[in-house]
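K.L.:
Build out the structure end to end from the sequences listed, making use of the hints.
There are 4 protein chains.
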Amino acid sequence: MNKPRTADRRSRLKPVNPLKDVSPARWKTALTCIEPNKILMRGYPLDEIMGRLTFGESIYLLLMGEVPSPGIGSLMEAILVSCIDHGATPPSTLAARNTATTGAPLRACVAAGVLGFGRYHGGDIESCAQFLDTGLELVRKGASYRDAAEVIVLRCHELGEPIPGFGHRFHTRDPRAARLFQMALELEVEGGHIQMIRAVELVAAALPEGQALPVNIDGAIAAVCGDIGIPAEIANALFIISRVPGIAAQAQEERQREHPMRQIDPKDHIYDGAAQRRLPDKRR
Amino acid sequence: MNKPRTADRRSRLKPVNPLKDVSPARWKTALTCIEPNKILMRGYPLDEIMGRLTFGESIYLLLMGEVPSPGIGSLMEAILVSCIDHGATPPSTLAARNTATTGAPLRACVAAGVLGFGRYHGGDIESCAQFLDTGLELVRKGASYRDAAEVIVLRCHELGEPIPGFGHRFHTRDPRAARLFQMALELEVEGGHIQMIRAVELVAAALPEGQALPVNIDGAIAAVCGDIGIPAEIANALFIISRVPGIAAQAQEERQREHPMRQIDPKDHIYDGAAQRRLPDKRR
Amino acid sequence: MNKPRTADRRSRLKPVNPLKDVSPARWKTALTCIEPNKILMRGYPLDEIMGRLTFGESIYLLLMGEVPSPGIGSLMEAILVSCIDHGATPPSTLAARNTATTGAPLRACVAAGVLGFGRYHGGDIESCAQFLDTGLELVRKGASYRDAAEVIVLRCHELGEPIPGFGHRFHTRDPRAARLFQMALELEVEGGHIQMIRAVELVAAALPEGQALPVNIDGAIAAVCGDIGIPAEIANALFIISRVPGIAAQAQEERQREHPMRQIDPKDHIYDGAAQRRLPDKRR
Amino acid sequence: MNKPRTADRRSRLKPVNPLKDVSPARWKTALTCIEPNKILMRGYPLDEIMGRLTFGESIYLLLMGEVPSPGIGSLMEAILVSCIDHGATPPSTLAARNTATTGAPLRACVAAGVLGFGRYHGGDIESCAQFLDTGLELVRKGASYRDAAEVIVLRCHELGEPIPGFGHRFHTRDPRAARLFQMALELEVEGGHIQMIRAVELVAAALPEGQALPVNIDGAIAAVCGDIGIPAEIANALFIISRVPGIAAQAQEERQREHPMRQIDPKDHIYDGAAQRRLPDKRR
Numbered sequence: 209m210n211k212p213r214t215a216d217r218r219s220r221l222k223p224v225n226p227l228k229d230v231s232p233a234r235w236k237t238a239l240t241c242i243e244p245n246k247i248l249m250r251g252y253p254l255d256e257i258m259g260r261l262t263f264g265e266s267i268y269l270l271l272m273g274e275v276p277s278p279g280i281g282s283l284m285e286a287i288l289v290s291c292i293d294h295g296a297t298p299p300s301t302l303a304a305r306n307t308a309t310t311g312a313p314l315r316a317c318v319a320a321g322v323l324g325f326g327r328y329h330g331g332d333i334e335s336c337a338q339f340l341d342t343g344l345e346l347v348r349k350g351a352s353y354r355d356a357a358e359v360i361v362l363r364c365h366e367l368g369e370p371i372p373g374f375g376h377r378f379h380t381r382d383p384r385a386a387r388l389f390q391m392a393l394e395l396e397v398e399g400g401h402i403q404m405i406r407a408v409e410l411v412a413a414a415l416p417e418g419q420a421l422p423v424n425i426d427g428a429i430a431a432v433c434g435d436i437g438i439p440a441e442i443a444n445a446l447f448i449i450s451r452v453p454g455i456a457a458q459a460q461e462e463r464q465r466e467h468p469m470r471q472i473d474p475k476d477h478i479y480d481g482a483a484q485r486r487l488p489d490k491r492r
Numbered sequence: 209m210n211k212p213r214t215a216d217r218r219s220r221l222k223p224v225n226p227l228k229d230v231s232p233a234r235w236k237t238a239l240t241c242i243e244p245n246k247i248l249m250r251g252y253p254l255d256e257i258m259g260r261l262t263f264g265e266s267i268y269l270l271l272m273g274e275v276p277s278p279g280i281g282s283l284m285e286a287i288l289v290s291c292i293d294h295g296a297t298p299p300s301t302l303a304a305r306n307t308a309t310t311g312a313p314l315r316a317c318v319a320a321g322v323l324g325f326g327r328y329h330g331g332d333i334e335s336c337a338q339f340l341d342t343g344l345e346l347v348r349k350g351a352s353y354r355d356a357a358e359v360i361v362l363r364c365h366e367l368g369e370p371i372p373g374f375g376h377r378f379h380t381r382d383p384r385a386a387r388l389f390q391m392a393l394e395l396e397v398e399g400g401h402i403q404m405i406r407a408v409e410l411v412a413a414a415l416p417e418g419q420a421l422p423v424n425i426d427g428a429i430a431a432v433c434g435d436i437g438i439p440a441e442i443a444n445a446l447f448i449i450s451r452v453p454g455i456a457a458q459a460q461e462e463r464q465r466e467h468p469m470r471q472i473d474p475k476d477h478i479y480d481g482a483a484q485r486r487l488p489d490k491r492r
Numbered sequence: 209m210n211k212p213r214t215a216d217r218r219s220r221l222k223p224v225n226p227l228k229d230v231s232p233a234r235w236k237t238a239l240t241c242i243e244p245n246k247i248l249m250r251g252y253p254l255d256e257i258m259g260r261l262t263f264g265e266s267i268y269l270l271l272m273g274e275v276p277s278p279g280i281g282s283l284m285e286a287i288l289v290s291c292i293d294h295g296a297t298p299p300s301t302l303a304a305r306n307t308a309t310t311g312a313p314l315r316a317c318v319a320a321g322v323l324g325f326g327r328y329h330g331g332d333i334e335s336c337a338q339f340l341d342t343g344l345e346l347v348r349k350g351a352s353y354r355d356a357a358e359v360i361v362l363r364c365h366e367l368g369e370p371i372p373g374f375g376h377r378f379h380t381r382d383p384r385a386a387r388l389f390q391m392a393l394e395l396e397v398e399g400g401h402i403q404m405i406r407a408v409e410l411v412a413a414a415l416p417e418g419q420a421l422p423v424n425i426d427g428a429i430a431a432v433c434g435d436i437g438i439p440a441e442i443a444n445a446l447f448i449i450s451r452v453p454g455i456a457a458q459a460q461e462e463r464q465r466e467h468p469m470r471q472i473d474p475k476d477h478i479y480d481g482a483a484q485r486r487l488p489d490k491r492r
Numbered sequence: 209m210n211k212p213r214t215a216d217r218r219s220r221l222k223p224v225n226p227l228k229d230v231s232p233a234r235w236k237t238a239l240t241c242i243e244p245n246k247i248l249m250r251g252y253p254l255d256e257i258m259g260r261l262t263f264g265e266s267i268y269l270l271l272m273g274e275v276p277s278p279g280i281g282s283l284m285e286a287i288l289v290s291c292i293d294h295g296a297t298p299p300s301t302l303a304a305r306n307t308a309t310t311g312a313p314l315r316a317c318v319a320a321g322v323l324g325f326g327r328y329h330g331g332d333i334e335s336c337a338q339f340l341d342t343g344l345e346l347v348r349k350g351a352s353y354r355d356a357a358e359v360i361v362l363r364c365h366e367l368g369e370p371i372p373g374f375g376h377r378f379h380t381r382d383p384r385a386a387r388l389f390q391m392a393l394e395l396e397v398e399g400g401h402i403q404m405i406r407a408v409e410l411v412a413a414a415l416p417e418g419q420a421l422p423v424n425i426d427g428a429i430a431a432v433c434g435d436i437g438i439p440a441e442i443a444n445a446l447f448i449i450s451r452v453p454g455i456a457a458q459a460q461e462e463r464q465r466e467h468p469m470r471q472i473d474p475k476d477h478i479y480d481g482a483a484q485r486r487l488p489d490k491r492r
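Protein chains in written order, with this note's numbering: chain A, 209 to 492; chain B, 209 to 492; chain C, 209 to 492; chain D, 209 to 492.
Read the hints as simulated data drawn from the structure, not as lab findings.
One thing to keep in mind: the hints can contain errors.
Identical copies carry no separate label here, and so any pair may be met within one copy or between two of them.
Stated by the list, open to error - Calculated pairs, DSS-like style, for lysine-lysine (alpha carbon to alpha carbon, straight line, at most 27 Å):
hint : residue 1 : residue 2
1    : K246      : K236
2    : K246      : K490
3    : K475      : K236
4    : K246      : K475
P.N.:
Below, the structure is given as C-alpha cells:
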C-alpha cells in the first residue's frame, strides 16, 4: 500500500520520515493563476471571458489551452449538448435518484451519478478512440480505409467483443451521431477519424447480423474529437462534464416530485413533460 | 433507518413485504422523453438543439423548462464561466488532486471534488439567496432597501456570523462579481435582489471593520439569479455544473504532470502557464 | 465561495497570497503515529493489536481513544453487526448496485452507497440522540422520565414529524433493537438514555395510532451509545462503518451474478440463499 | 453509451421501449433475506448473530457465506485491524480531510476517501494475488517455488514494474506483514501462497538493489487470503472495509480540531496523541 508503482525503485529503498521530508521543488500548474483581485484562466482574465466566451468555449479553453476557432467552438457546444441527458433510466441517473431519495444533498447525488460513468457508459468514447487509432495506424502503413476497417472489425468479432462506438440499447439510428457528423461536414473538419468510422460502419453493415448496428454518440464523439485534435482523455472528460447537468436535473426532480425513501423501479415511469415542439424560427 | 420521515404516519403502521408491494401508480418525469431513435429534451429534439443552442442555453432549458431569452442566455453563460475554476488550492480541488494521485480514474476524482462543494464552498449561494429574500420580505412590508439591509446585516452581526455572499479568502474586490453586475445592468435585468445586495454592500462598508468586505461571486450569482427568476436550489446546481470542468482539468493535470502517490502541499506550487493576455479583438 | 464562515472577520480583511502564506503552526493529529517500521494507533503498536483486539474493539479504540472494557466491547460488536446489511432494497444499496451495473470498480460502488446514508437512512441515530438528550435535560431539571417523554413526543406530534428512532418500513418489531436492549440489560450498562427511550415507547404506544410504532435499530443504537458514553457523531460514524460490508457485498454480488447495464427494479427480486439456520451450539 | 458490451450482439439489434420492457425473470440475491420482523443474513437471524459473532466474523460470513472457523476468524480480525489506519498522509485520507474542511458531512468525507483506494493504494492486494497465482501455476506445472519466483520477479524487472506486494513509502520492514505471517504460522494455515511469497522475498533480496524491499501488508494479505481460500476480489473488499474506520476517524478529527477551509499541507503536522504503550496483560 502507499507504494508509487511507477516510481524509481531506488527511491523506495530510502524510507523517509514524512515529517521531515521537505521537497525543494515546487509543483506546477498551467491552468489558472490566482492573485489578489485577479483570476487568469490560461492567461485570460476570467472577468474578461465572462460575456465574451460561452461556457462551452471556456471549457475548451480550460482543457485545451487556447480559445477555439468558431467552427471548433460550435462542435464543442454540440458535443456537450449531445450527452446532456438521456432520460431517467441510465444506471448513473438511477444511482443519483436513489441517492436523492435518501434526502442527500444535490452534490452527493451528482457524485453518485458521476461514479457510474464506467466501462459500459461513457467509457466507450475512449475505447472507440483507441479502436479508430488502431485502424489509422494501418492506413498510415499503406492499407485502404476499407481494408483497415475490415481488420479491426474482424479482430473485435474474433474476441467476441462488440465494436466500440457502435450499437445502442434503445436506438437503431442514433439521431445525435447523425447530427454531429452533419455538423462536422458543414464545418469542414472531417478528417481521417471520421473516414475510418464511416468505413467501419460499412463493414459492420455487411456482417450477417450487423445491419442495424449504427454508430452511436460515443463513436461520433470519438471520431469528431479525433479529427479536431482533442485527445481521448479529454474527450472522456467532455462526457463527464456534459452529463452532469442531466444528473443534477434528474436528482433535483426526484427531490421535488417524489416522496423520500421510495423504491425506484426504472421501468415504471411515464413522461409528463412538454409535448414535442420545435425551436423558434430565429434559433434555427 | 429506512424510515420516510415526512411520510404519512399511518403508512408506516402497515409493514409491507417488499417482494409483494406493487405500486399501481407510475412515477413521472418531465425532463427528457426517450423513444426509439428520438430524444426530446423538454419537448425539443436533442439533435435539433445541437448546433442551435449553446451548452449554457441547453443547461437553462433542461433546468428551467424553456429556451432562455438572449439576455438571460448571456447571463447564464457568464454565471457558468465565472466559477469554472479557481486555481489549485480550493479544498474541493485538492480532494480531487489527492484522489488523482492514487491512480483513480477521472470520474472518481470529479466525484471526490464535487463532494467538497459544501457549506463553506459553493453553498454560500443558497445562504445568500435566503438572506436577500429575508430583506426583500421587509421591503414588501414597507421598509426601504437601506433599512431592510441594516436589519439583516445587524442580525448576522449579532449571531457572530459573516454576511452570506460577502468576503473572500484572497480577493478584496471580486472581479467576477463586478463583471456579473455590469452585465446585469447592460442587459437590463436588474431587480430587487441586486438592489438589496447593493444596499447590504453600503451598510457593510459603513461597519467599523467592513470596508474591505466586498460582494463575492456567490453573492453576485445569488442576486442575479434572484432577479432573473432562478430559484436558489437551481442556482446551487449551477455552481456544481460550472465547477466540474475545473475539477476535471485539475485532476487531469495532476495525472499528467505529477508522479503518483505524491504528498500535495497546496502552498508549495507555482503557476507556469500562459502569461496574461487579452482575447482577440473580434471576441471583445 | 472559499470563505471561512466561522472565521474571525478581521482575518478576512487581509487578503493573502496563497503562494506566500506560510503557516508557522503545525496542525496536529492524535490518532496514529507513523515512524519507519512502526505504526502506533492511539499509542499501541498496530502489530501488537493484531490478533489481540478484534476489529470491533480496534474501531472503538481508534474512535474513542481507549481499549473498551469487555462489556462495552461486546456492545460495540453487536452495534456494528446490527446494521451490517439490510437486503437489496435500501436506496443506498440500490445506488451501489446501479453503480456496479455500469462496470464501475468496487470502491466507486461503495462510495455511491455511502452517499445515501442521509437524513432518512442512518441519520436517524443522530436525530434520536438529540431527541433523547432533550428529554434527559428535562429530567435533570426535575421532571419524571414519563413526563419528559410526553413533552418531547408531543413536540414531534405538533410539528407533524415522526418520533426519531421509532417506526420502520418493514418491521413492526425490530428484532435488532430488542436484542441490543437485552444485551445492554445483561451487561448492566443501562442508564438514563435507555430509560428515556423506554418511556418514549410507552407514551408512543398510548397514542391513538401509535400501537405499532416500535423502537427501531437507530433508536436502540442512539440510546445504548448514549449510556456507554459514545457521542452522537461517533454513533453516526459507527453506522457508516457497520454498513460498508453490506454495501460491498451487495455490489460484489451485482457484479458477479447480473449482466451489466441492466435495469434494476428493487421489487422484482427473490432471495435464493441459505435457508434459515441456527448458529452452531458452541457459538451460542 | 448505455451499451452492454458483453451482451449478446443479437439482443442489441432489437431496440426496446424501456416503458414496455417487462422482464419476466426475477433477479436474485443470496445475501440477506428480509421479512417482516425477521432479518436472515446468510440464513442466520441477525439478532442471533448479535453478541455471538464479532463484527469481523460477521463480515466473513456475509462475504464468504459461512461462519469462519476460530483460526480463520482470528486471521480475519487481524487482516481487518492491520489496515485500519495509516496516519494522516495517505492520499485517500487527505482527500477525506480536504472534503471535511469544506464542512461536508461525514459520509461525504468517507466516500471521497474510499475513491482514493486506487491502483497504487490498496489495489496492490489484487495485483499481488494475481502475481502469486502466476507463480503457483508454474509450480503446478513442475517448477520449484524458487524457480517460479525467479521467473515472475524477472518478468516484473523486464517490464520495469515494481514487484506487487513489496516495498513501502515509509517502512523498510512492514511490522503488520511480519505479524500476519506469524499468526498464519501459529494458526497452521500456511500454504502455497505464503510459500510463494517467501520465495519471491528471497529472490528479491538477491537482486543488486533489492535488499531493503520487504513484503508489505498488501503482499501479506494477498498471500494469507490465498491460503485461506479468500478470492482476490473479496480480499480487495476487505481492504476497503478495513480502512473505512480510519478514514472516518481522520475526517472526524479534522472537523473537530481544525478550522474550516484550511489549506492542508500533509508534511506540516505533528502527532500529539498517546505515548507508546502496551496492551494490558490480560489482552496479550
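K.L.:
Now, for every hint given, state plainly whether the structure supports it.
P.N.:
Here is how each hint holds up against the structure:
1. For the homomeric pair K246 and K236, the shortest alpha-carbon distance inside one copy (19 Å) is at most 27 Å, but the shortest distance between copies (33 Å) is not.
2. Taking the shortest Cα distances, K246 and K490 sit within 27 Å of each other only across copies (23 Å), while inside one copy they are farther apart (38 Å).
3. For the homomeric pair K475 and K236, the shortest alpha-carbon distance between copies (11 Å) is at most 27 Å, but the shortest distance inside one copy (49 Å) is not.
4. In the homo-oligomer, the alpha carbons of K246 and K475 lie at most 27 Å apart only across protomers (18 Å), although the nearest pairing inside one protomer, at 50 Å, exceeds that limit.
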